[in-house]
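K.L.:
Listed here are the chains, written in short residue letters.
2 protein chains.
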Amino acid sequence: MGLIVQKFGGTSVADAERVMNVARIVTDTYKQGNNVVVVVSAQGDTTDDLIEKAKEINPNASKREMDMLMTAGEQISISLLAMAIQKLGFPVISLLGWQAGFVTSSVYGSARIRRIETERLQNELDQNKIVVVAGFQGLNKYDDMTTLGRGGSDTSAVAIASALHADKCQIFTDVEGVYTADPRKIPNAVKLEEITYDEMLELATLGAQVLNNRSVEMAKKYNVELEVLSSLVRKPGTIVKENVNMEKMLISGVAKDTQVARISLVGLPDEPGIAFQAFSRLAAKNINVDIILQSIGRDGTKDISFTVAKDSGDEAVALMKDFIKSCGGKDVAIDKDVAKVSIVGAGMETHAGVAAKMFEALYGAHINIRMIATSEIKISVLINAEDADAAVAAIHDKFIG
Amino acid sequence: MGLIVQKFGGTSVADAERVMNVARIVTDTYKQGNNVVVVVSAQGDTTDDLIEKAKEINPNASKREMDMLMTAGEQISISLLAMAIQKLGFPVISLLGWQAGFVTSSVYGSARIRRIETERLQNELDQNKIVVVAGFQGLNKYDDMTTLGRGGSDTSAVAIASALHADKCQIFTDVEGVYTADPRKIPNAVKLEEITYDEMLELATLGAQVLNNRSVEMAKKYNVELEVLSSLVRKPGTIVKENVNMEKMLISGVAKDTQVARISLVGLPDEPGIAFQAFSRLAAKNINVDIILQSIGRDGTKDISFTVAKDSGDEAVALMKDFIKSCGGKDVAIDKDVAKVSIVGAGMETHAGVAAKMFEALYGAHINIRMIATSEIKISVLINAEDADAAVAAIHDKFIG
Numbered sequence: 002m003g004l005i006v007q008k009f010g011g012t013s014v015a016d017a018e019r020v021m022n023v024a025r026i027v028t029d030t031y032k033q034g035n036n037v038v039v040v041v042s043a044q045g046d047t048t049d050d051l052i053e054k055a056k057e058i059n060p061n062a063s064k065r066e067m068d069m070l071m072t073a074g075e076q077i078s079i080s081l082l083a084m085a086i087q088k089l090g091f092p093v094i095s096l097l098g099w100q101a102g103f104v105t106s107s108v109y110g111s112a113r114i115r116r117i118e119t120e121r122l123q124n125e126l127d128q129n130k131i132v133v134v135a136g137f138q139g140l141n142k143y144d145d146m147t148t149l150g151r152g153g154s155d156t157s158a159v160a161i162a163s164a165l166h167a168d169k170c171q172i173f174t175d176v177e178g179v180y181t182a183d184p185r186k187i188p189n190a191v192k193l194e195e196i197t198y199d200e201m202l203e204l205a206t207l208g209a210q211v212l213n214n215r216s217v218e219m220a221k222k223y224n225v226e227l228e229v230l231s232s233l234v235r236k237p238g239t240i241v242k243e244n245v246n247m248e249k250m251l252i253s254g255v256a257k258d259t260q261v262a263r264i265s266l267v268g269l270p271d272e273p274g275i276a277f278q279a280f281s282r283l284a285a286k287n288i289n290v291d292i293i294l295q296s297i298g299r300d301g302t303k304d305i306s307f308t309v310a311k312d313s314g315d316e317a318v319a320l321m322k323d324f325i326k327s328c329g330g331k332d333v334a335i336d337k338d339v340a341k342v343s344i345v346g347a348g349m350e351t352h353a354g355v356a357a358k359m360f361e362a363l364y365g366a367h368i369n370i371r372m373i374a375t376s377e378i379k380i381s382v383l384i385n386a387e388d389a390d391a392a393v394a395a396i397h398d399k400f401i402g
Numbered sequence: 002m003g004l005i006v007q008k009f010g011g012t013s014v015a016d017a018e019r020v021m022n023v024a025r026i027v028t029d030t031y032k033q034g035n036n037v038v039v040v041v042s043a044q045g046d047t048t049d050d051l052i053e054k055a056k057e058i059n060p061n062a063s064k065r066e067m068d069m070l071m072t073a074g075e076q077i078s079i080s081l082l083a084m085a086i087q088k089l090g091f092p093v094i095s096l097l098g099w100q101a102g103f104v105t106s107s108v109y110g111s112a113r114i115r116r117i118e119t120e121r122l123q124n125e126l127d128q129n130k131i132v133v134v135a136g137f138q139g140l141n142k143y144d145d146m147t148t149l150g151r152g153g154s155d156t157s158a159v160a161i162a163s164a165l166h167a168d169k170c171q172i173f174t175d176v177e178g179v180y181t182a183d184p185r186k187i188p189n190a191v192k193l194e195e196i197t198y199d200e201m202l203e204l205a206t207l208g209a210q211v212l213n214n215r216s217v218e219m220a221k222k223y224n225v226e227l228e229v230l231s232s233l234v235r236k237p238g239t240i241v242k243e244n245v246n247m248e249k250m251l252i253s254g255v256a257k258d259t260q261v262a263r264i265s266l267v268g269l270p271d272e273p274g275i276a277f278q279a280f281s282r283l284a285a286k287n288i289n290v291d292i293i294l295q296s297i298g299r300d301g302t303k304d305i306s307f308t309v310a311k312d313s314g315d316e317a318v319a320l321m322k323d324f325i326k327s328c329g330g331k332d333v334a335i336d337k338d339v340a341k342v343s344i345v346g347a348g349m350e351t352h353a354g355v356a357a358k359m360f361e362a363l364y365g366a367h368i369n370i371r372m373i374a375t376s377e378i379k380i381s382v383l384i385n386a387e388d389a390d391a392a393v394a395a396i397h398d399k400f401i402g
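Protein sequences appear in the order of chains A and B.
Numbering (the working numbering) for the first sequence: 2 to 402.
Numbering (the working numbering) for the second sequence: 2 to 402.
This is chain A alone, in the form it adopts within the complex (with noise of 0.2 Å):
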């Protein structure tokens, strides 16, 4: 007996045989004794529908409409999914975001959870109801219709989960776990039986996108135990917690990211306050930068190497030039064809010679490193994009086997 959250993102409900499929498992679930709460995503196909309905009408349409319109989606889905429990014979109700209790901010499209006032979610439950909440969506201040946003309904999950101090948060996908790397390419990759939520929002930062990074980081925060499942196979998936067996694995997952570029500021006056001077021009236009290098000085000039988002690249490299002018440097240059493959496991940090083992790995499959970053429990290098694949194989083959 427990209380369990699980959530089915578009493709898992994109048809009435899909949606039947996650009725049987919702209900599989209640049989066995449990309350549960199952947060939806818009059918696929749906949310696709009323984007193209709104760009044939108006391309600038403000988001306040916007979010009215796509929140339809949801109810779509959760009144479709209480239909086929019900065909299944068990008591359901389908209930909005607002009905749900989800209150947000005001911000149409990127709306952040306030709070959920859980009076009719409780009520329903304990009238041994399923409950079938729309995610993504809430009510603000002014009782609209709000977004929250890329990967809000895993958000809605992990916030219901802790609202209701659920014995574990389910976000059920279409592969059946976290992997020590990306199993299509990585023919022995490992299923994770256990994350931390550190390694979790290591590996989303780098591509390996399973959770959203703000459900992740709720979940850590609110100390929400996840798992990470597939809605096609019946196996357990992937736990997300605070604490795992550190012994069991020393890195938890090789990840690769080739949506990055380089860039190279040559021939910087070597004076105090010229990286702060280059990085703020970056910050005040939004740009991340990830990975910093800077040369030790020689002959009064230093260099000073970073990454960047490749879609930021250019608007990156024409700071720069302005930057290089009004400093008196020599050059700004860009590198578009570099791939950053990282490792990243809480075992690092209470073992050595990990970095050397990397390093080791990409020398025995000979490819050049061109940057290096740590951090506790990840190890990052910039490599170029076609060594990219075989550097992850190498890595893995290193540490997994």
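Derived by calculation from the structure, the hints in this document are not laboratory data.
Any given hint could be a false lead.
Heads up, the list lumps identical chains together, so a pair's fine if it works in one copy or across two of them.
Stated by the list, open to error - The list that follows gives simulated cross-link-like pairs (lysine-lysine, DSSO-like), each with its CA atoms no further than 27 Å apart:
1. K331 with K286
2. K56 with K88
3. K32 with K64
4. K142 with K222
5. K130 with K169
6. K32 with K56
7. K88 with K64
8. K64 with K130
9. K56 with K130
10. K286 with K64
Remember, predicted model here, so these are calculated numbers, not experimental data.
With chain A fixed as given, assemble chain B onto it according to the hints.
P.N.:
Quick look at chain B alone, frame taken from chain A:
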């Protein structure tokens, strides 16, 4: 300067082009210095799609979940219309039924409007916004979405016009107004400038379905001036109100109804209470009886004939066969090849000879009258179904020309 409520049905907002057309009608009204509240139904195809999705999953879904599903339809159309109005550069906000303050009874699928809490509506109008309201829907005391049932959007519009004391409630349709007969069949049918609520109600029940009866009844009760007009042609339509200039036209319309059947009870004992016994059996099964004719008693027996809706005919016959047995009557007969042709007009209350003129028209066309029924503003005759169109033409010629 005034406040005008405009209502557009599902076909008027069926696609992007039509939504833009409605936006132009609305903003033209606003530009003339009026406050405008627009009530819209769901797009025609949206409603069909949603019903199809539900049926595929569970044809016996609860009405509560069906209402949850269906109300997403108007949510889509109001936001799209608001986007179209934004595109034309006017201030606008869309409101769901509950946001516009619609409080309904609890019956899903056919809820009744209890009241409209107009605070938000008034507040948005005070900010000079065009307000687009989802028709057909409201919220019940459980904070759940409800729908108003057939023709619900007309009722929503009239209810808002009443609650806000609007100067006029315009119901846009695909016809240019109310005609003296079906203009597709009677080429010289005349569009009426004005018609009374009662005449409109009689015409509606006679099968000339332009406005939903509930909405006309509500308009009459709260004295809301209605206008029926076309969303495609920019012309004045037909005004529906309490008093019209009766001198203008003797009768306001000729209508036919072929969905009737005549049932005859032959050889009933000529005793008190016989008619009561017969009709109470029909009433118990919710079968409505229209025209009733009772013969003068003869040889201690009498005959009773009456009309019912054609699709209740067989059930009524079965009930009457039982009755005939129990009271010792002779026979029950049904005739489905009949039609009811009626003239409606407040003018006939003060003009003698209207019935005679109608019968003369039918006689001139060699049409046999099988039953006659009259009320203050209506005369109906039952004739053979094959004569129906000729009867309408002859009567129309005689009265309207």
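K.L.:
Taking 27 Å as the upper bound on the Cα-Cα distance, should K130 and K169 be classified as within, between, both, or neither?
P.N.:
Classified as within; 18 Å inside a copy, 46 Å across copies.
K.L.:
Checking an output row: K64 and K130, CA cutoff 27 Å. Within, between, both or neither?
P.N.:
between (34 Å within a copy, 17 Å between copies)
K.L.:
Cα distance capped at 27 Å. Does K331 pair with K286 within a copy, between copies, both, or neither?
P.N.:
Answer is within; shortest intra-copy Cα gap is 23 Å, inter-copy 95 Å.
K.L.:
From the Cα coordinates, with 27 Å as the cut-off, is the pair K32 and K64 best called within, between, both, or neither?
P.N.:
between (41 Å within a copy, 25 Å between copies)
K.L.:
Is it within, between, both or neither when you check K56 against K88 at 27 Å Cα-Cα?
P.N.:
between (36 Å within a copy, 11 Å between copies)
K.L.:
When Cα atoms must be at most 27 Å apart, do K142 and K222 count as within-copy, between-copy, both, or neither?
P.N.:
within (25 Å within a copy, 36 Å between copies)
K.L.:
For the identical chains here, do K56 and K130 meet the 27 Å Cα criterion within one copy, between copies, both, or neither?
P.N.:
between (39 Å within a copy, 23 Å between copies)
K.L.:
Should K88 paired with K64 be assigned to within, between, both, or neither, using CA atoms and 27 Å as the limit?
P.N.:
between (37 Å within a copy, 13 Å between copies)
K.L.:
Should K32 paired with K56 be assigned to within, between, both, or neither, using CA atoms and 27 Å as the limit?
P.N.:
For K32 and K56, only the inter-copy Cα distance (26 Å) is at most 27 Å; the intra-copy one is 44 Å.
K.L.:
27 Å Cα cut-off: does K286 pair with K64 within a copy, between copies, both or neither?
P.N.:
The answer is within: 22 Å in one copy meets 27 Å, while 52 Å across copies does not.
Of the numbered hints stated above, none is contradicted by the structure.
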